[in-house]
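Keeping their order, the protein sequence lines are chains A and B.
Read in the working numbering, the first sequence has 115 at position 115, and its numbers run on one by one without any break.
Read in the working numbering, the second sequence has 16 at position 16, and its numbers run on one by one without any break.
Incorrect hints may appear among the rest.
What the hints assert, rightly or not - Taking lysine-lysine pairs in the DSBU-like style, the calculated list, with each CA pair at most 35 Å apart, reads:
| # | chain 1 | residue 1 | chain 2 | residue 2 |
| --- | --- | --- | --- | --- |
| 1 | B | LYS42 | A | LYS138 |
| 2 | A | LYS227 | A | LYS176 |
| 3 | A | LYS191 | A | LYS179 |
| 4 | A | LYS9 | B | LYS52 |
| 5 | B | LYS42 | A | LYS139 |
| 6 | B | LYS52 | A | LYS252 |
| 7 | A | LYS293 | B | LYS58 |
| 8 | A | LYS45 | B | LYS52 |
| 9 | B | LYS52 | A | LYS218 |
| 10 | B | LYS58 | A | LYS163 |
| 11 | A | LYS45 | B | LYS42 |
| 12 | B | LYS58 | A | LYS252 |
| 13 | A | LYS261 | B | LYS58 |
| 14 | A | LYS367 | A | LYS324 |
| 15 | A | LYS173 | A | LYS252 |
| 16 | B | LYS41 | A | LYS282 |
| 17 | A | LYS227 | A | LYS259 |
| 18 | A | LYS250 | A | LYS163 |
| 19 | B | LYS58 | A | LYS179 |
| 20 | A | LYS139 | B | LYS41 |
It is worth saying that the hints were derived from the structure and are not from the lab.
All of these numbers come straight from a predicted model, not from anything done at the bench.
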Amino acid sequence: MEPLAPHEKIFVDSDIVDDENHGEIACHECHGGNPDDPNWKTAHKGVVKDPTYPDATTACGECHDEINENYQKSLHVSLSPYKLIIDERASSNTVIRNKLGCAMNTHCSECHSSCGQCHISRPNSVEGGFLDGHLFQKKPPMQEVCTACHGSRIQKEYLGEHKGLLPSIHKEKYMKCDKCHTGEEMHGNGKDYAHRYDVENGPKCVDCHKEIYRREAKNVITHRIHKDKASCHVCHSQPYNNCSACHVGKDKQGLAFFKTKSSWFDFKIGLNPLKSEKRPEKFVTLRHVPVDKRTFDFYVKDALSNFDTLPTWKLATPHNIRLKTTQNASCNACHGNESLFLREKDVEDNEKEANKNVLVPVNLIPKKQKWQPK
Amino acid sequence: MKYFRVIGMAAAFCLVIIPGNTFLCHAYEDTQCFQCHTSAKKLIEATREIAKTRPARKSAETSGEG
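Same shape as in the complex, but just chain A (with noise of 0.2 Å):
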């Protein structure tokens, strides 16, 4: 994504006034500040930024109701699962919470989306910057609104930019993030879920490869086999980027930063940690998170003292998807593979109790077939 020069960043196309829906609302009825004053620094005393963050029911809300009445829910606002997750790993005791909800509101709570930050500019946490002059975007572009954020690992897979690694299928058949993430997933529905992989309308790869049981299908045997035992990545994502240790802390300057000790490709299925009626498979694919037990050292130590509480392999969906794979070439590329599945040596020692019930043990690892589907 190209970066905007400040004055891109903020420069309004006159044509907004042909907008036949916000062309009619002035400046200041939504941003504030004063519209009459000749002098552009005083002018801008009291100006809001992002009207529609934390709340859009004024700027957005009178006439887009219905997204609003679920825009506090939506995961892209909330950020529920992060709070729930840190949570759940965090000490019990008050003051240590205190200090780690101020580490939360520096380097955790700046990442939220918004109306604004999707429709009209990108996201804050890329810098910002209107998409185009301030005219209003049905669709937000994938560059520099989706992938803006969701760029080291979901952009990347998806259009291929790792070396020796292809892009997604649905790539190359031109699919924008919109074509499985729709609106509506966006939006919200007005609950709240603990994890995006919880949320109902969220995309599965059967609302449009619904032929695959059937049995005229080309792979119905596999298929069929497979069903409910191995989730679709299993079979048919490539190796994908994992990230270790995160740390986050304050230079000398007062200015947040984050460090990741490192990153690596890997291929790991692992036992389902999110097993549910929509997800029942035994086994998908995990992504180590770039999550440590001293992440928040720097504003309080201890402050994940019930780190062990959740996986640091996380169920992942990555964004590589292939028809054909290393590990589908036969039956036999998967099964008694032992290095596709995460064992307890590939887990840090610091990590096993975390990682328990994610390890695969040697006697689940499927065995070899002699019989192959023609």
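Dock chain B against chain A, hints included.
Leaving out everything else, chain B in the frame of chain A:
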């Protein structure tokens, strides 16, 4: 009678032929906000002035993939 016909035709011309936007008056087009934010020149001057007074916002210590 002829006089009224001319006025009537002129009114019809204005309503049908001339684009609607000509009649719409966006009061805010005359405001300082609109005049400045639609002028790249004015914005460049203003943002340069702001840049002189504001320090960098991103720490140089940020590293790795987030």
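To test your reading of the hints: which numbers does this structure violate? Going through the list in order, the structure violates hints 9, 15, 16 and 17 and respects the others.
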